[in-house]
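Asks: Below, each chain spelled out in residue letters.
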Amino acid sequence: MDFILNFWTELGAWAQGVLYGWGLPEWAVNLISDFVGVLILLIIGVMAVLIFTPMERKVIARMQDRPGPNRVWPYGLLQALADAIKMLTKEDVTPRNADRALHMLGALIVAVPALLVYAVLPWGPNIIGKDLNVGVLFIVAIGSIHVLALLIAGWGANNKFSLLSAFRVVNQLLAYEIPMVLCILAVILFSKTMSTQGIVEAQTIPYFVSMPVAGLIFLICAMAEANRSPVDLLEADSEMVAGYMVEYSGMKFAMFFIAEYVNMFAVAILISTLFLGGWKFFGLEDLAPVLTPFIVFAKAVFVIFCMLWFRATFPRMRFDHLVGFAWKFLVPLSMVNLMLGALVVKLTENIWGQAGLMLLGNLVVIAVTFIILNRTAGKVKDAPALKRIVAVER
Amino acid sequence: MNGSPLTMSHVVFIILSAIALVGALGVVLNRNLFRAALFLVLSFVAVAGFYILLEAEFLAMVQILVYVGAISILIIFAIMLSRRMMSPEIKAFNEQWAWALVAALALFAILAFVLLGVVWPTAEASVPENTISDLGQALVSPDQFVLVFEVASVLLLVALVGAVIVARER
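Chains A and B are the protein sequences, given in the same order.
Quick note: the first sequence, position 150, residue 150 per the numbering used here, numbers continuous.
Quick note: the second sequence, position 51, residue 51 per the numbering used here, numbers continuous.
Chain A extracted, bound-state conformation:
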């Protein structure tokens, strides 16, 4: 029974035992186990594409009252596989005046930052690639390499639209990185550690319950970082014709496609780690540690479902509104949340007291935000001009 309940740790110990049994020295055993671990993490990342493409299509189709893909057996679930075969057989086109090396490099490294993030995402008390004591900082730092990869892709194609989109990449991603980091900082204030494993262990109460403001801001920023509609203005189909990847075709395009889903899954696990309690679920993780990876997966799927929900129901914003929203709304709000958090941490040491005070403060912040928005937003800035336009149209 114990063996089944602690299946994953027992499996690891058993596999190491087998390797030692073959008479391998310690460094070789460590090397092989590290290698296998990396391989598993990479496969999980890439499997995200096969799992979430059908899910995205089916969920959004359901919300928009249409059948979605239904040709490839069963229920169109193997559509992703068919798409992969199509991508592999397509012609690989490089524009004549493109910077060939950089065009190639962009496609090669675009998925790397997203895959590196999996190294520090915890799947259970002992199931993690590497529990860095700067784990969260590592994720933020890796995110900045993502910007660089998209810049290379946008520049390498020697196309006006991809270059314009590369400008947008920097503009949007840097703007949304700031409120994101401020929310992570609020989490770190309460958990008192930057290790992802430590943050999960510190969450007796999931942080989304005690600070919904930070959680929601983080969700919006994460969607912007993962380039999900309605904040996917890097590739806005209507004006940028797919943006930085407009000149990519065949397998190179598929790399961008893979990167998007790997990124989305990583961000979903990150949200469940930082705000939804990670591998904890009402004591279930102590009863049956074997279930912890499935708890994390279920939470991540829920987060992705919310993202798809937003995609299917919200209209896309205009680009200046999008960046203005980050700078004028999300940054001040996350600052207020951070200062509130600092105050609460100083006021009491008790976990329940902290959570209660923080929740109270957050509700006040939400109320005040709505009152201010009610007074200022939605007012037409240049009312006489609008009246003239309306008069002319009549």
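None of these hints come from the bench; they were simulated from the model.
A couple of the hints might just be wrong.
[Unchecked claim] Computed far set for chain A versus chain B, every beta-carbon distance over 10 Å:
#1 F138
#2 A141
#3 F319
[Claimed, not checked] Some chain B residues close to chain A (C-beta under 7 Å, calculated; not the full set):
#4 F34
#5 E57
#6 M61
#7 I64
#8 L65
#9 Y67
#10 V68
#11 G69
#12 I73
#13 S141
If you're wondering where the values come from, they're calculated on a predicted model, not measured in any experiment.
Note that CB positions come from ideal geometry on N, CA and C, so glycine has one too.
Since the structure of chain A is already known, use the hints to place chain B on it.
Replies: Quick look at chain B alone, frame taken from chain A:
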């Protein structure tokens, strides 16, 4: 290396140094500005590798965050907005190269002289396990670096306000 055998960290150090030097050479020798900036990124990443080798993870992450994520992107942005962005083939040398060579060699000589002449102290104790909380405490405790920290923040704030005023439409 005082005749000590070649350990793993020496090998890693040599590889990282090679990457950093190739990156640095690429910055000055490449004729394409954008590629030169990317070589600069390579060099920065190798320096982050040195910090990890020295067990300073926090410094390594900050190096990537600040230099790769912010400064190099700023440089690339400046290059993209410059006049010659779309005609990237420009000269790698101008007529001052001889003087620059003399200055660079002089600097190298001085640095080599200093580095070889000084006996560097080495700490006896190993690196503590968790340096981040110590670092955080040091930054905000009154008897250590809080004044420096605050002055630096005020400086950044002034720069930010100045940028807004300069860029503001009137």
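Asks: Indicate, hint by hint, whether the structure satisfies it.
Replies: Now for the hints, and whether the structure bears them out:
1. F138: 6 Å, violated
2. A141: Contrary to the label, A141 of chain A does not stay out of reach of chain B, its closest Cβ about 4 Å off (not over 10 Å).
3. F319: 17 Å, holds
4. F34: 6 Å, holds
5. E57: For E57 of chain B, the interface hint holds, since the closest Cβ of chain A sits about 5 Å away, which is under 7 Å.
6. M61: 4 Å, holds
7. I64: 4 Å, holds
8. L65: 4 Å, holds
9. Y67: 10 Å, violated
10. V68: Since the shortest Cβ distance to chain A is 6 Å, the answer is holds.
11. G69: Holds: closest Cβ of chain A sits about 2 Å from G69 of chain B, inside 7 Å.
12. I73: 6 Å, holds
13. S141: 15 Å, violated
Hints 1, 2, 9, 13 from the earlier list are contradicted by this structure; the remaining hints agree with it.
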